[in-house]
Amino acid sequence: MEVDKGKGEAEETRKVAEADRDTVTLKSSDGKLFEVSKEAAARLSTVLAGMIAGGSIDDNGTDLKQIGSEALENVVDYCNKHANSIPSAALISSSISFNTAPFKEPEEWERKFVDRLSHDALFDLVEAANFLGMERLLDVTCHKISEMMKGKSPDQIREVFNIKNDYTKEELEEIRQELAWAFYDD
Amino acid sequence: MAAVHRVPELVDDAVEEVLIRCLPDDPARLHRAALVCKRWRRLVSSPAFRRRYTERHHRAFHHPLGFVCNFTTAVSSSFSGDDNGGADDHTAHFVPSPLSSFHLPAAAAAAGHRKMRALDARYGRVLLHDMDVDPISLDKMRLVVWNPITGEHRDLPRLPLVAYYSYYSPSCWNAAVLCAAAGDGGCDHVSCHRGHFRVVVVGVNRRHNYAYSCVYSSEPSDTWPWRARTTCSMALHPGCRFDPNPSALVGDALYFVLQTNGDSSKILKYDLATERMSAVNLPPPTGFHSPRIAVLTMDEGGLGLAIVGQSSKIYMWSRVNGSDGGTEEWCQSGVIDLEKFLPANALVFDSPALVGFAGVGVIFIGTKVGNFVVDLKSDQVRKLDEGTMFYSVFPFSSSFRFPGPRY
Chain P
1 MEVDKGKGEA EETRKVAEAD RDTVTLKSSD GKLFEVSKEA AARLSTVLAG
51 MIAGGSIDDN GTDLKQIGSE ALENVVDYCN KHANSIPSAA LISSSISFNT
101 APFKEPEEWE RKFVDRLSHD ALFDLVEAAN FLGMERLLDV TCHKISEMMK
151 GKSPDQIREV FNIKNDYTKE ELEEIRQELA WAFYDD
Chain H
1 MAAVHRVPEL VDDAVEEVLI RCLPDDPARL HRAALVCKRW RRLVSSPAFR
51 RRYTERHHRA FHHPLGFVCN FTTAVSSSFS GDDNGGADDH TAHFVPSPLS
101 SFHLPAAAAA AGHRKMRALD ARYGRVLLHD MDVDPISLDK MRLVVWNPIT
151 GEHRDLPRLP LVAYYSYYSP SCWNAAVLCA AAGDGGCDHV SCHRGHFRVV
201 VVGVNRRHNY AYSCVYSSEP SDTWPWRART TCSMALHPGC RFDPNPSALV
251 GDALYFVLQT NGDSSKILKY DLATERMSAV NLPPPTGFHS PRIAVLTMDE
301 GGLGLAIVGQ SSKIYMWSRV NGSDGGTEEW CQSGVIDLEK FLPANALVFD
351 SPALVGFAGV GVIFIGTKVG NFVVDLKSDQ VRKLDEGTMF YSVFPFSSSF
401 RFPGPRY
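From first to last, the protein sequence lines stand for chains P and H.
Under the UniProt record's numbering, the first residue of the first sequence carries the number 1, and numbering increases by one thereafter.
Under the UniProt record's numbering, the first residue of the second sequence carries the number 1, and numbering increases by one thereafter.
It should be emphasised that the hints constitute simulated quantities derived from the structure, not laboratory data.
Derived DSS-like pairs: lysine-lysine, alpha-carbon spacing no greater than 27 Å straight-line:
1. P:150 <-> H:377
2. H:38 <-> P:150
3. P:112 <-> P:152
4. P:150 <-> P:169
Full structure from sequences and hints, please.
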């Protein structure tokens, strides 16, 4: 409820204060607020890095309408853990060049981090990581899911991912015969 | 674990992120994913997904899924090549790579190819020489292209007459199988294994001192399926013989090793565009008596050479443009010390036989105590289960990883 006269000034001080803060506040789709280390957010998420650099971070909570509070909590948790568990120079440099660098196995703490998640939470986290452009978190979560698919038949995969089979019996049989090699251990 | 049933399911973007991270060492996984539902199939068979996947897994992509190995039960475990060794002794066998989780279907893996030897393996196809030759019937002289993934065998038409002289002497000729678009850069070899192919046979007639080449294309044509060509300009050594190691495809040329007992071994170059042959000299003599030589494609795409010395070292050379920018020359690019990788008893009695190179990164070494696969990039060493000594080995990496679009 500021008077018009002071608004510009207030805006100015707010911006300065924001630049000085070492955390940013994120707001989930259901309105919950989370604090996350600015350095880690900028390093791990290309989208947040862009917002921070572009000054579009809102001190009262940057709206992330696509992300629910549970997923955002995990994102923030991951960022903060990451901020604490490094800095190993190797990890920093690898997080920069992930698109070309070969996949690096999840570290012990990252493995634990995804192992404790339910399927739902894991899937939500993949979508959140994808939305925020978090390459390393995508690697870690998707690696976990791809491990879940290992050695599973299409039926079992459907069950895990809650997907309806839209192939006809005949179509499945046809592909199966052609791909006998891919089903040797079913 | 929480209940697995949930709404809504993963959005396309997220599914793509998961599937893009399936390692190519288990190619079945993408195919199973394509069978989950039509949406997933559309996703993994899209050109964008293929492109991204290929880029991401570029290195692992060319890791062999296994090895097609030639072995013989003959007394000498090495390939003497002289000549007309009993066909009964030969078998070509698929051996899974310890660095990959890929396996052939059990039936195909167990069958083996008796009385056959592999001549080449590339982009999912294996070229076999059926050694079970009945001299009375020329029709039984045959080359076969085998697709280990689909199990298909395709007999090639009878070779032209020029090849007959050497047909019974395995050391007088060698051959390669290629994707039909090889050499012109028009194919990324990511899913061409069921498309058209070419087979190139090169040979020497030692008695009359000429070399010949024959090319077969599986593409339908009105002309005779083989095109043959001879050349007398190569000054062949009367005792020369083809090394049974794989040829190398570099740019638009194939390279085969032509061994002699002395220091005059050469590399035979076959130009795919002009269909002409020429000889490439080896680096300066190594001092080793008939060292084992392998040609390979370097990471940067040039021609490479590996020479195994008696001191359990492999000397690597690469072909580079000369310092004056003109003629090409050999440049030593490194030395691999096998002692670092192999158990001590593997190197006691005999220098090891270098029998295979999969790119520069993976080597296959046969010793008296077993066969080893070494991944030089990660320093991983694995011993193969098979105890038999192979005389040559062909890394099998395939191109079948992408499910095709349909439905």
